[in-house]
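Order-wise, the sequence lines are chains W and V.
First residue of the first sequence: 0, per numbering that gives the first Met the number 0; consecutive thereafter.
First residue of the second sequence: 0, per numbering that gives the first Met the number 0; consecutive thereafter.
For the record, the hints were derived by calculation from the structure and aren't laboratory data.
For clarity, every value in this text was computed on a predicted model and none was experimentally measured.
Some hints could be false.
Stated by the list, open to error - Computed spacing ranges between beta-carbons, pair by pair:
| no. | chain 1 | residue 1 | chain 2 | residue 2 | range |
| --- | --- | --- | --- | --- | --- |
| 1 | W | Ala-367 | V | Asp-142 | 33 to 41 Å |
| 2 | V | Arg-148 | W | Ala-269 | 32 to 40 Å |
| 3 | W | Gly-406 | V | Gly-115 | 47 to 55 Å |
| 4 | W | Gln-333 | V | Asp-208 | 26 to 34 Å |
| 5 | V | Thr-143 | W | Ala-20 | 54 to 62 Å |
| 6 | W | Gly-406 | V | Ala-166 | 35 to 43 Å |
| 7 | W | Ala-236 | V | Leu-151 | 22 to 30 Å |
| 8 | V | Asp-142 | W | Val-177 | 53 to 61 Å |
| 9 | W | Gly-217 | V | Asp-208 | 57 to 65 Å |
| 10 | V | Ala-166 | W | Tyr-272 | 35 to 43 Å |
| 11 | V | Arg-155 | W | Ala-314 | 25 to 33 Å |
| 12 | W | Arg-183 | V | Ala-78 | 44 to 52 Å |
| 13 | V | Gly-115 | W | Ala-20 | 47 to 55 Å |
What the hints assert, rightly or not - To spell it out: a stretch of chain W is covered by chain V in this simulated footprint if at least three of its residues, at any positions, have a beta carbon under 8 Å from a beta carbon of chain V; those stretches are:
| no. | segment |
| --- | --- |
| 14 | 304 to 310 |
| 15 | 355 to 366 |
| 16 | 419 to 425 |
Ideal Cβ positions, reconstructed from N, Cα and C, are used throughout, including at glycine.
One-letter residues, chain by chain:
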Amino acid sequence: MRLGDAWAILPTLAVDDQNVALEAARLQALACWAGNFTPEISLAAPLSLLLEVQGSLRLFGGLERLFEQVRASCAAQGHLCHAALAPTPRAALWLARAAPGSCCPDSESLHTALVTLPLAALDLPGKDESRLAGFGIRRVGELLKLPRAGLGRRFGAAFVMDLARAIGEIPDPQPRFVFPQRFRDRVELSARVEDAERLNFAAHRLLLTMCGWLAARGCGLLHCVLELELEGGKQEAPIRVELGFSDLTRDPERIKRVLRERLGKTRLPAPVYALSLSADAPAMLPGRDGSLFGERAAEESVVVLVERLQARMGAEQVFRLAVMPDHRPERASQAQRQGGGLAVKTPVAPSVIPPRPCWLLSQPEALAEIKGAPHRGGALVLLAGPERIESGWWDAGEGAGEDAALGDIRRDYFVALSPRQEWLWIFRNAEGWFLHGLFA
Amino acid sequence: MAFAAPSLPLAEVLARNDIWRGDALASAALPGVSSGFAQLDAELPGGGWPRGGLVELLHSRVGMGEVSLLMPALARISADELAWVVCVAPPQQPYAPAWAAAGVDLSRLLITRASGGDAAWACARVLDTEGVGALLAWLPTADTGTLRRLQLLAERSRTLVFLFRPASAASAASPAPLRIGLEACAGGRLSLRLLKRRGGARAQPIDLDPVRPAPLRHVVASPASSPAAARSLSEPADA
Numbered sequence: 000m001r002l003g004d005a006w007a008i009l010p011t012l013a014v015d016d017q018n019v020a021l022e023a024a025r026l027q028a029l030a031c032w033a034g035n036f037t038p039e040i041s042l043a044a045p046l047s048l049l050l051e052v053q054g055s056l057r058l059f060g061g062l063e064r065l066f067e068q069v070r071a072s073c074a075a076q077g078h079l080c081h082a083a084l085a086p087t088p089r090a091a092l093w094l095a096r097a098a099p100g101s102c103c104p105d106s107e108s109l110h111t112a113l114v115t116l117p118l119a120a121l122d123l124p125g126k127d128e129s130r131l132a133g134f135g136i137r138r139v140g141e142l143l144k145l146p147r148a149g150l151g152r153r154f155g156a157a158f159v160m161d162l163a164r165a166i167g168e169i170p171d172p173q174p175r176f177v178f179p180q181r182f183r184d185r186v187e188l189s190a191r192v193e194d195a196e197r198l199n200f201a202a203h204r205l206l207l208t209m210c211g212w213l214a215a216r217g218c219g220l221l222h223c224v225l226e227l228e229l230e231g232g233k234q235e236a237p238i239r240v241e242l243g244f245s246d247l248t249r250d251p252e253r254i255k256r257v258l259r260e261r262l263g264k265t266r267l268p269a270p271v272y273a274l275s276l277s278a279d280a281p282a283m284l285p286g287r288d289g290s291l292f293g294e295r296a297a298e299e300s301v302v303v304l305v306e307r308l309q310a311r312m313g314a315e316q317v318f319r320l321a322v323m324p325d326h327r328p329e330r331a332s333q334a335q336r337q338g339g340g341l342a343v344k345t346p347v348a349p350s351v352i353p354p355r356p357c358w359l360l361s362q363p364e365a366l367a368e369i370k371g372a373p374h375r376g377g378a379l380v381l382l383a384g385p386e387r388i389e390s391g392w393w394d395a396g397e398g399a400g401e402d403a404a405l406g407d408i409r410r411d412y413f414v415a416l417s418p419r420q421e422w423l424w425i426f427r428n429a430e431g432w433f434l435h436g437l438f439a
Numbered sequence: 000m001a002f003a004a005p006s007l008p009l010a011e012v013l014a015r016n017d018i019w020r021g022d023a024l025a026s027a028a029l030p031g032v033s034s035g036f037a038q039l040d041a042e043l044p045g046g047g048w049p050r051g052g053l054v055e056l057l058h059s060r061v062g063m064g065e066v067s068l069l070m071p072a073l074a075r076i077s078a079d080e081l082a083w084v085v086c087v088a089p090p091q092q093p094y095a096p097a098w099a100a101a102g103v104d105l106s107r108l109l110i111t112r113a114s115g116g117d118a119a120w121a122c123a124r125v126l127d128t129e130g131v132g133a134l135l136a137w138l139p140t141a142d143t144g145t146l147r148r149l150q151l152l153a154e155r156s157r158t159l160v161f162l163f164r165p166a167s168a169a170s171a172a173s174p175a176p177l178r179i180g181l182e183a184c185a186g187g188r189l190s191l192r193l194l195k196r197r198g199g200a201r202a203q204p205i206d207l208d209p210v211r212p213a214p215l216r217h218v219v220a221s222p223a224s225s226p227a228a229a230r231s232l233s234e235p236a237d238a
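Here chain W stands alone, though its shape is the one from the complex (with noise of 0.2 Å):
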């Protein structure tokens, strides 16, 4: 049919140029999406995608679950969909085109699809089709009845070898894709988004084609990077989300919680209209056995946790402690900022340690002095010390911030009890009294 044939019978009708270099990216970032299901994957152009699955069927349970997780896939991605599996790569190409749906999982299973297949979802030139329409052939069926010495006279042998391909009687090897080195996919949206947070299902996709990249390969990633490509052309740079992970990754669902907090902190200057995502360094990341009791599964969704926290509430508030070989009492317990992973090692405490606090201070707290005793709310009661805490001229003067302010201590600690019965833990030194901690 003509445009113009078209037009006259549906004026409304809008008509899109076709975007072959847009169409073989898809393709492309199709093919590393569908890495999350094998790693044997061939692009057959212009717009099919072969996956060999054999040796996926234990791991997603199944022919026919495997087979829906595919298909629901890759219609959650917006894309219309038409798969068939068959044991031939040729056979599954035509019963893709021509019976969507089809699962055939052996040969028999396939005569009896490819019986009642009309002839067009061989793609033949057009003269061949007509040829065979001539003869009475209408479906594949009757096709392959016919004697395949004479076929091949007619048609040529690159024909009937064809058919021998497509029925599993000769091998058909595929060219293998080749996943690239780094990634980058960038997808645009259909409208522009102003709010943040509603970026989440369009980052999906590229989230969904990144793990399927890096589960092909073998990977995981610490870092990637989401680029929010605003509009108002190039004066506004895009902005960069950057997303970190506390150990290799290629979770989609960790990944996304973590990218969750992430937007839902950002805001945006002027509306989005594209998304791009890139990742660089993957590192090896082998897959994992199942665990009998599932003690892997509480550590790993205790870093899960941390992740999503850090994401939120931001990578300096959340953190785990450690004592530090040091007697100045700021420098003997440390946070401990997580990265690559939980198991960081504290080093051992000293077996014998004086009463100390629960809450320490950031700062020493000045108490006001009355008849030289410090007064809290009323008259303090000692009731240990004094343990006397000094020196550490080595560091005095080094390091930044509060840091700075430490170094050569002279104090003399006390425990003293409040009016109000609070347990303190207090100092003095050549400044007067101060509130160091409490015994909470």
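Assemble chain V onto chain W, guided by the hints.
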């Protein structure tokens, strides 16, 4: 008649965990974690700090021993059960040597500073996580709706949840099944009033002796005033 319909025998109904006689303590679905104080364990349903529900600790001041009260249970959870202890929005920086000395395994202690709504959000995420044995959260401004959400999450987990709240919250309604008012009294003791528990109410407070940093009788002599002290400090210690 509705009453003639065959119904569950009374004994079966009473065997449920969420139904109890008014004059007896409820039984708990999961055994509690011993608090380390026999006197307190005897008064708690399940024989210890209950899992699967909020425990609200109402205290007027920081530093009266509210964390020391929990230390025996936290040490058990982190060292024996190898589970994580998570602190959300603590009022001050936790001091590692003290927690280590109390027996908490620092490699399984996680601390999150958070403010306002983020603290409640963090609590919810922690309760979603497997492998967390105890959650300590300071939520001074949480409203009833937030507490109810946390209670529902807590019921689905095995985590011990301690919420530290100001004493002024005692009069407000709360979905927490166990609420304890803390009062420090003279002599270093900590007095616990069971404001709410599953089972009969208890009017008398329970007096406990948490670990204190110093014996009360050993009172040092009040030292001289600071200028003099500063002078004495500048001299050698044994002069």
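Item to check | Hint numbers not upheld by this structure, sorted from lowest to highest | outcome: The structure conflicts with hints 3, 7 and 10, although it agrees with all the remaining ones.
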